[in-house]
Structures are given as structure tokens and as C-alpha cells.
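Visitor: Chains as they are written, first to last, in my numbering: chain A, 4 to 404; chain B, 6 to 362.
Please note that the accuracy of each hint is not assured.
[As the list claims (entries may be wrong)] Straight-line distance between alpha carbons at most 35 angstroms, and here's what the computed DSBU-like set of lysine-lysine pairs gives:
hint, chain 1, residue 1, chain 2, residue 2
1, A, Lys146, A, Lys99
2, B, Lys82, A, Lys165
3, A, Lys99, B, Lys308
4, B, Lys36, A, Lys240
5, B, Lys102, B, Lys7
6, A, Lys165, A, Lys178
7, A, Lys228, B, Lys102
8, B, Lys246, A, Lys228
9, A, Lys271, B, Lys7
10, A, Lys221, A, Lys234
11, A, Lys146, A, Lys182
12, B, Lys7, A, Lys240
13, B, Lys82, A, Lys221
14, A, Lys5, A, Lys165
15, A, Lys99, A, Lys124
16, B, Lys308, A, Lys237
[As the list claims (entries may be wrong)] Stretch-level coverage of chain B by chain A, calculated; a stretch enters the list once three of its residues show a Cβ under 8 angstroms from a Cβ in chain A:
hint, region
17, 70-77
18, 117-123
19, 315-328
20, 333-340
Bear in mind the hints are in silico, worked out from the structure with no lab data behind them. For every residue, glycine included, the Cβ atom is placed at its ideal position computed from N, Cα and C.
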Amino acid sequence: MKYSVIDVSSSSISMVVAANDGANEVLFKERAAISLTHYFEGNTLSQRGMEKLAALLDHMKAIAAAEGAERCYVISTAALRHVANSAQIAAYVREKTGLAVNFIDEPTEAYCDYIANLSYKRCERPVLIDLGGKSIEICDLAKSEKAEMFGFEFGLVDLSRKFVGNIYPTESEVKAIRKYLEKKFDGAGVPGAGTYATAVLVGAAAMAVYDIYADFVKADPAEEKVIEYRKFKKLVKRLLEGADRSRLILKNAPEKVYVIGAAVVALKAIFKRFGVERIVVSESGVKEGYLRLVLEGRETGEYVEIVAESHGIPEAAERPVADLDLPADDVVQTVPKKRGRPKKVVSDATRQSSASKAAAKKTAVKRAEKTPAAETREITQEKERNEAPVPKRRGRPRKNV
Amino acid sequence: MKFGILTSGGDCAGLNAVIRAIGLYLLNNVKNAQIVGIPEGYAGLIRGESYSLNREDFEGLLTLGGTILRTRRTPFKRMTVLEEGGTRLSRMVANYKKMGLDCLFTLGGAGTHKTAALLSMEGCNVIGVPKTIDNDIYGTDVTFGFRTAVEVVTDAFDRIETTTRSHSRTMLVEVMGNKAGWLTLHSGIAAGAHMILIPEIPFNLDAVCDFVNARIAAGETYTMIAVAEGAVLDGEARFKKEERVFVRTELGESTVTRHLAEVVGERTGQETRYSVLGYLQRGGTPCAYDRLLCTRLGGYAAKLAVEGRFGVTAAVNGNNITFNALPDIAGKYKFVDPHGEEVALARGIGISFGDRT
Chain A
4 MKYSVIDVSS SSISMVVAAN DGANEVLFKE RAAISLTHYF EGNTLSQRGM EKLAALLDHM
64 KAIAAAEGAE RCYVISTAAL RHVANSAQIA AYVREKTGLA VNFIDEPTEA YCDYIANLSY
124 KRCERPVLID LGGKSIEICD LAKSEKAEMF GFEFGLVDLS RKFVGNIYPT ESEVKAIRKY
184 LEKKFDGAGV PGAGTYATAV LVGAAAMAVY DIYADFVKAD PAEEKVIEYR KFKKLVKRLL
244 EGADRSRLIL KNAPEKVYVI GAAVVALKAI FKRFGVERIV VSESGVKEGY LRLVLEGRET
304 GEYVEIVAES HGIPEAAERP VADLDLPADD VVQTVPKKRG RPKKVVSDAT RQSSASKAAA
364 KKTAVKRAEK TPAAETREIT QEKERNEAPV PKRRGRPRKN V
Chain B
6 MKFGILTSGG DCAGLNAVIR AIGLYLLNNV KNAQIVGIPE GYAGLIRGES YSLNREDFEG
66 LLTLGGTILR TRRTPFKRMT VLEEGGTRLS RMVANYKKMG LDCLFTLGGA GTHKTAALLS
126 MEGCNVIGVP KTIDNDIYGT DVTFGFRTAV EVVTDAFDRI ETTTRSHSRT MLVEVMGNKA
186 GWLTLHSGIA AGAHMILIPE IPFNLDAVCD FVNARIAAGE TYTMIAVAEG AVLDGEARFK
246 KEERVFVRTE LGESTVTRHL AEVVGERTGQ ETRYSVLGYL QRGGTPCAYD RLLCTRLGGY
306 AAKLAVEGRF GVTAAVNGNN ITFNALPDIA GKYKFVDPHG EEVALARGIG ISFGDRT
């Protein structure tokens with residue numbers, strides 16, 4: 004039997020599917036952005052917000068079913084746990100989708116992060132950090148008990164609301180956030196520099212920050228996701244003062260616009276706190292940990308049985324395609340249909356070098372099926388093309404693949 | 006409170022109707038509301054130009070085509086490029102503040118919404134209204150201007166069909182829609198096209214010719230084919246648009262239509278013509294549906310402003326007008342689902358999409 008876990012965070016809904024076959028291998032991952040922050044009225048999720056949430060959950064459920072999952076868990080951490088109308092949200096979601104929302108408490112959230120990232124235990128003095136919208140967890144991977152994890156009942160959304168007047172924090176707001184974090188960390192007894200040698204970042208905000216960082220430093224997507232402090236400092240400066248900061252966010256993490264300022268300030272504070280030069284970004288977080296606990300029979304949340312519908316995945320017509328500064332067909336599809344973590348998928352054409360241009364020319368010219376007129380034209384044009392220099396590509400460099 | 010309105014990107018029917026609805030709602034519901042029009046879209050905002058709009062300016066706009074504010078395409082890609090005097094974005098933000106705006110309404114398509122999202126992220130209070138004849142804005146069931154364009158294209162089809170039938174020809178009618186084929190699909194179905202070629206379903210040359218030949222063999226004397234300007238051959242589909250454009254430019258073409266007409270004519274033996282509807286599809290008076298939709302969308306957008314809900318765009322969801330957060334829709338497109346109900350039903354009544362099914 005295959006299981007799926009859908010995680011609702013303040014800026015995205017993500018899903019993982021795995022088989023309960025002993026190996027418990029993750030077979031499929033999916034993520035869709037939703038800017039829930041925009042749909043709040045105070046601490047209450049608006050009717051429109053609930054509609055958007057339910058629609059996206061229904062879509063995810065259909066994808067899970069199409070991937071062969073038969074049992075579906077929906078979890079939400081602090082993103083919905085602290086919302087004033089969380090019960091109403093759960094009821095609405097159940098009515099519209101049949102799904103049951105399991106609200107995960109903060110120690111369990113931290114433990115799920117821990118369980119999902121046990122592989123980092125072998126690193127030197129590792130620490131796990133989850134920067135969430137409504138909570139922050141810091142977990143010493145060398146230890147293993149829930150009680151030994153630091154959990155903070157505030158997150159990036161709270162930091163933004165508390166300290167940031169507009170979208171991007173000003174210099175004084177940056178200082179205020181840093182000071183606040185330091186105070187909270189000190190109060191909780193979070194160790195300082197020298198305690199940890201390997202910092203591991205998890206969660207949706209971490210991925211968003213990394214996506215922006217990777218674009219900024221032109222990181223190779225094939226390499227391990229690592230944020231280097233030296234380069235990160237430059238990114239922070241760019242995001243706080245740069246002329247193209249909004250475009251950088253809009254391109255990579257538009258759903259995080261209201262928290263990205265606080266996120267990078269908090270991350271910089273963590274860099275300094277732990278005195279590390281680089282932070283590894285993990286691709287596994289709460290939902291992977293929760294799924295593992297479910298598969299091992301250690302977590303008994305409410306689930307629903309799901310069945311794949313014959314007509315496949317609904318709303319495919321609204322396949323979201325980012326088109327922010329890449330050429331029109333160089334689009335990034337945010338709903339990849341493949342195994343593994345949903346990486347940004349660049350079209351096949353992008354993967355091809357200039358050599359493919361020649362192939363494209365050849366194929367397209369051949370489309371005339373060699374009518375006499377076309378043949379004559381082809382010969383002339385082929386000759387002209389061979390003689391003409393290939394025009395240089397304009398614009399931003401393409402993403403590496 | 007002071008409100009600004011701009012129209013950006015290609016024009017379409019209903020822009021004035023939305024301007025009217027916004028203006029009247031604000032004048033009727035906000036005490037001492039000041040409304041300014043910003044000419045030529047974002048270009049006007051970059052230049053810092055605006056002029057007052059009073060109640061009499063909104064008279065007679067419901068049925069008037071085009072946009073009284075004038076419009077212009079201002080490429081999104083250049084918005085954050087550093088120029089003399091800062092980036093265009095920074096100049097827009099500065100002018101927004103200088104004008105003392107409390108809210109800016111941006112009427113436009115996907116590109117306009119991306120720039121609106123940028124402005125919102127830089128602290129401006131922005132509310133979008135989805136405009137495009139392509140109907141490809143993500144998150145809304147329909148955009149204003151689309152239904153009027155469908156009417157216009159369908160009418161053109163009807164007229165072309167009588168000629169095509171009289172002359173026993175195959176006729177290809179090229180319809181606007183580079184990325185999405187909504188306009189071609191809807192008008193093609195509405196006009197009774199025998200084949201519809203859209204970007205979402207790459208077509209096969211053999212399949213197209215076989216279909217026409219089969220019609221001839223069955224005794225049908227003519228064939229009507231609706232071709233979206235973004236339609237692609239199955240062999241081309243895997244290549245990037247710029248590569249296709251490169252090749253087509255060398256062939257002296259911007260779309261596949263002319264070339265396809267040549268091939269179909271040669272391989273079927275039937276006299277084949279093509280017609281590019283072009284700018285006929287954009288302008289003119291909005292149809293009744295669009296007048297109603299524009300009034301609802303404009304009024305709703307103004308209501309959002311009164312409620313202080315910014316960084317959003319009005320949207321149609323079922324029979325309701327609602328809103329989406331700009332970051333949720335910016336840079337995304339809504340495409341025809343090749344396996345969706347509309348396509349399936351069209352296939353069911355014998356319409357071909359030029360593919361090998």
C-alpha cells in the first residue's frame with residue numbers, strides 16, 4: 004500500500020508519497036505555492052483563503068491518488084495550529100475535500116524534522132534548524148529526545164508582522180529582529196558559536212531562501228544544496244537594498260514575499276550564532292518525518308482512503324508556469340510529474356546547447372515534407388544559414404541544468 | 006483618498022467599462038475620492054504623468070472600445086534594469102508616492118500583473134483587474150475582453166465559411182493566442198470549425214492532411230481549420246520558442262499558418278487559402294457579457310480598495326467575483342487542458358485537433 008502525507012504551511016502545500024513495503028522509499032514529491040498570508044484577516048483565515056486552501060488540497064489529493072496512494076494524511080504545523088478559526092478551517096476542508104487535517108504540535112514537528120534528517124547525524128556536530136512561518140525549531144541531531152529540542156512559538160510571519168513595517172525590513176528593523184532573536188535564543192539556552200559544526204536547514208522557507216540564493220550565485224542544481232555565509236551576506240544586502248530584489252523574489256519564491264526579509268535576517272543571525280560558514284539545505288522535513296512515523300506505526304493521525312479518478316488529475320488546465328525572465332518556452336513548471344523532490348524542471352529544449360538549435364532548424368525545415376517548392380526553398384535557406392553567423396542569444400544567462 | 010488607474014499591454018474590449026465601474030464605485034462610496042488616470046500604462050507612471058478623472062469623464066464609457074487612458078506595452082524584463090535615474094520600478098514607486106496615491110488599479114494581462122506584483126512588493130497598494138482576449142491569466146475562469154473577442158472571431162469565421170463553402174476550399178483562419186489556445190478553441194467550436202489547432206496540442210502534418218483527405222473522400226466539399234498563432238508542429242514542440250522563431254524568421258514567417266496552408270493544398274489537391282484575422286480581434290465595443298463582467302470586476306476591485314485589501318487581483322470563480330493574491334498568479338498562465346472536458350467534447354463531435362489520437 005502507498006501512503007501520502009500532505010503538509011500545509013503558510014506559503015505552500017507539499018506532498019510526499021511512499022510505499023509501505025519495508026523499504027519505505029519516497030516515490031513521489033509535489034509542492035504548490037499558496038500565499039495564505041494574503042488571505043488572512045487578522046489571525047483569521049478568510050473565506051477566500053479557505054476556498055483556495057481546499058481547492059489546492061483537493062488537487063493534491065487527486066495527484067496522490069493518481070500516483071497510487073490509497074491512504075492520505077493531511078498535516079499542518081503552526082501555520083494553521085495558531086489560527087483563530089483553525090477548527091472552522093478543518094471543518095471546511097473536510098466538507099469540501101473529505102480530508103482530515105491533523106494539527107501537529109510543536110514538539111512533534113521538531114521530532115518529525117529530526118526523524119527525516121537522521122542521515123545528517125553522521126556529520127560533525129550537526130544541528131537542524133526549521134524556520135517556519137509560525138514557529139522555529141532547533142534540534143541537536145546528536146541527541147534524540149523531543150525534550151532536547153528547542154521550539155519557539157513564533158516564526159517568520161510573526162517576525163514580519165512584529166518588526167517589518169513594509170515588505171522589506173529597514174536597517175533599524177533588521178537590528179530589532181536580530182536583537183529579538185538573540186534574546187529568545189539566549190533565553191532558551193540555545194548554544195552559541197563552536198557548539199555545532201554542521202548546520203542543516205529544513206522547511207519551505209529554507210527551500211525558498213535557497214532557491215533565491217541559488218539563482219543569485221548561479222549555483223549548479225546538480226550539486227548539494229549549500230548556502231555559504233560569505234555569498235549569503237551579499238544576497239542579504241541585495242534583498243534589503245538591491246534594485247532588482249523584488250524581481251529576484253518574484254521569480255523564485257513569490258509566495259514568500261512577506262516573510263523573505265525576515266527569513267534572511269533570521270538565517271544570518273543563525274549563521275552568526277552558530278559561527279558556521281555554510282549551511283546545508285535538506286530536502287526532507289516534517290512531512291517526510293511524519294510519513295516515516297506513520298509507516299513505522301508510531302504516529303496514528305486521522306487519514307482518509309483515496310481512489311484515483313478515471314479522468315486523471317483535475318485542474319491540469321491551470322498548470323502554473325512561471326515566466327518571469329526566462330524565454331517563453333524556457334519556462335519553469337511548478338508541477339513536475341516525476342519521482343523525487345519537485346525540482347524546477349527546465350524544458351528539454353533548455354537542456355540542449357546551441358547544437359540543438361541546428362537540430363531545431365533541421366526539424367522545422369523538414370516539416371514541409373519536402374514539397375518541390377519547399378525543397379527549393381530549403382536548399383537556398385540551408386545554404387544561407389550555413390553561411391550566416393548564428394545570432395548570439397540575448398538576455399540573462401540560462402539556468403544551468 | 007486618492008486612486009490611480011492605468012491600462013497596460015495590448016488593448017481589448019471592456020477596458021473603458023472597467024475604468025467606469027471603478028470610478029463610479031469610488032465616487033459613490035468614498036468621501037472626497039480623488040481619481041487620476043495615468044496615461045499609457047506603466048510608461049505614464051514611469052514618467053510621473055497623471056490627470057484628474059471626474060464623474061463626467063466616466064460618462065459613456067460602458068460601450069466605448071479601446072481605453073481613454075491609452076495603453077502601451079512596457080516590458081517586464083526592463084523594469085529592474087538600472088538606468089539613469091534608477092530603475093523603472095524605482096521611478097514608478099517614487100512617482101506613486103509623489104502623486105500621493107493610496108491605491109493603484111492596474112488593468113492588464115499576465116505581464117501587467119507581474120509588474121503589479123513588483124510594485125506591490127515595493128510597498129505600493131496595487132489591485133489588478135485581469136484583461137486579455139487570450140483568457141490565459143492564471144486563477145480566473147475568464148478575463149474581460151475574451152468573450153467579445155470570441156464573438157468577433159466567430160463572426161469572422163461565419164463570414165469566411167460562406168466563401169469557403171461556395172468555393173469548395175480548405176480554409177485556415179489564424180486566431181490570436183501565442184501561448185494559450187482559448188480564443189481559438191472557443192471561437193472554433195462556436196463557429197463549427199472542423200479542425201482546431203492550438204499551442205497546447207501540437208499537431209501532426211500527416212494527421213492534418215489525412216483529416217482533410219478523409220473529408221474529401223467522404224464527399225465533404227470544404228474544410229474550416231482554426232489555427233492559433235502559437236500552434237506548433239509536434240516535431241517543433243520540444244524546442245524553445247526562440248528556436249522556432251529563429252527558424253520561422255528565416256522562412257519569412259511568424260506563424261505556421263501560411264506554411265501549413267501550402268502543405269495541405271499540395272497534399273490534398275484541394276484549393277487551400279488562409280486568412281489572418283489580426284487586430285480585428287482586439288478592438289471594438291464590448292459585448293453584453295463583457296459589459297456586465299467589466300462592471301462587476303471593476304466594481305469589485307474598487308470595493309477591495311475601500312476594504313483596504315491590496316496586493317491582489319480581481320478574479321472570476323464560477324459565478325462569483327473574488328480575488329487572488331498577486332504573488333499566487335504573477336508569472337503563471339492558464340492553459341487549455343488537452344484532456345479536459347471542452348477538448349474531449351469537441352473531439353466527441355468530430356472536431357480534430359490535428360494530432361494522432
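Visitor: State for each hint whether it applies.
Guide: Hint by hint, here is what the structure shows:
For the proposed pair Lys146 of chain A and Lys99 of chain A, the alpha carbon gap of about 42 angstroms is over 35 angstroms, so the pair is violated. About 33 angstroms separates the Cα atoms of Lys82 of chain B and Lys165 of chain A, which keeps this hinted pair within 35 angstroms; it holds. Taking the CA atoms of Lys99 of chain A and Lys308 of chain B, the gap is near 28 angstroms; set against the 35 angstroms cutoff, the hint holds. For the proposed pair Lys36 of chain B and Lys240 of chain A, the alpha carbon gap of about 42 angstroms is over 35 angstroms, so the pair is violated.
Distance check on the hinted pair: Lys102 of chain B and Lys7 of chain B sit about 11 angstroms apart at the alpha-carbon level, within 35 angstroms; holds. Under the criterion of a C-alpha separation no larger than 35 angstroms, the hint pairing Lys165 of chain A with Lys178 of chain A is consistent with the structure, at around 13 angstroms. The hinted pair formed by Lys228 of chain A and Lys102 of chain B fails the criterion: a straight-line CA distance of about 40 angstroms is larger than 35 angstroms. Under the criterion of a C-alpha separation no larger than 35 angstroms, the hint pairing Lys246 of chain B with Lys228 of chain A is consistent with the structure, at around 30 angstroms.
In summary, the hint linking Lys271 of chain A to Lys7 of chain B is not supported, as the alpha carbons are separated by about 39 angstroms, beyond the 35 angstroms threshold. For a cut-off of 35 angstroms, the pair hint linking Lys221 of chain A to Lys234 of chain A stands: about 11 angstroms separates their Cα positions. A distance of roughly 28 angstroms separates the Cα atoms of Lys146 of chain A and Lys182 of chain A; the hinted pair therefore holds under the 35 angstroms criterion. Distance restraint check for Lys7 of chain B and Lys240 of chain A: the Cα-Cα separation of roughly 33 angstroms lies within the 35 angstroms cut-off, and the hinted pair is therefore satisfied.
Distance restraint check for Lys82 of chain B and Lys221 of chain A: the Cα-Cα separation of roughly 19 angstroms lies within the 35 angstroms cut-off, and the hinted pair is therefore satisfied. Using a Cα cut-off of 35 angstroms, the hinted pair Lys5 of chain A and Lys165 of chain A is violated, with the two alpha carbons roughly 42 angstroms apart. Proximity of Lys99 of chain A to Lys124 of chain A is assessed by CA-CA distance (about 41 angstroms); at most 35 angstroms being required, the pair is judged violated. For the suggested pair Lys308 of chain B and Lys237 of chain A, the alpha carbons sit about 41 angstroms apart, so the restraint of at most 35 angstroms is broken.
Check on the region 70-77 of chain B: 0 of its residues sit with their Cβ under 8 angstroms from a Cβ of chain A, so the three-residue criterion for coverage is violated. Restraint check on the region 117-123 of chain B versus chain A: 3 residues with Cβ-Cβ distances below 8 angstroms, three needed, restraint holds. Here's how the region 315-328 of chain B fares: 5 of its residues keep a CB closer than 8 angstroms to some CB of chain A, so the rule of at least three is met and the hint holds. Given as covered by chain A, the region 333-340 of chain B passes the check, having 7 residues with a CB less than 8 angstroms from a CB of that chain where 3 are the minimum.
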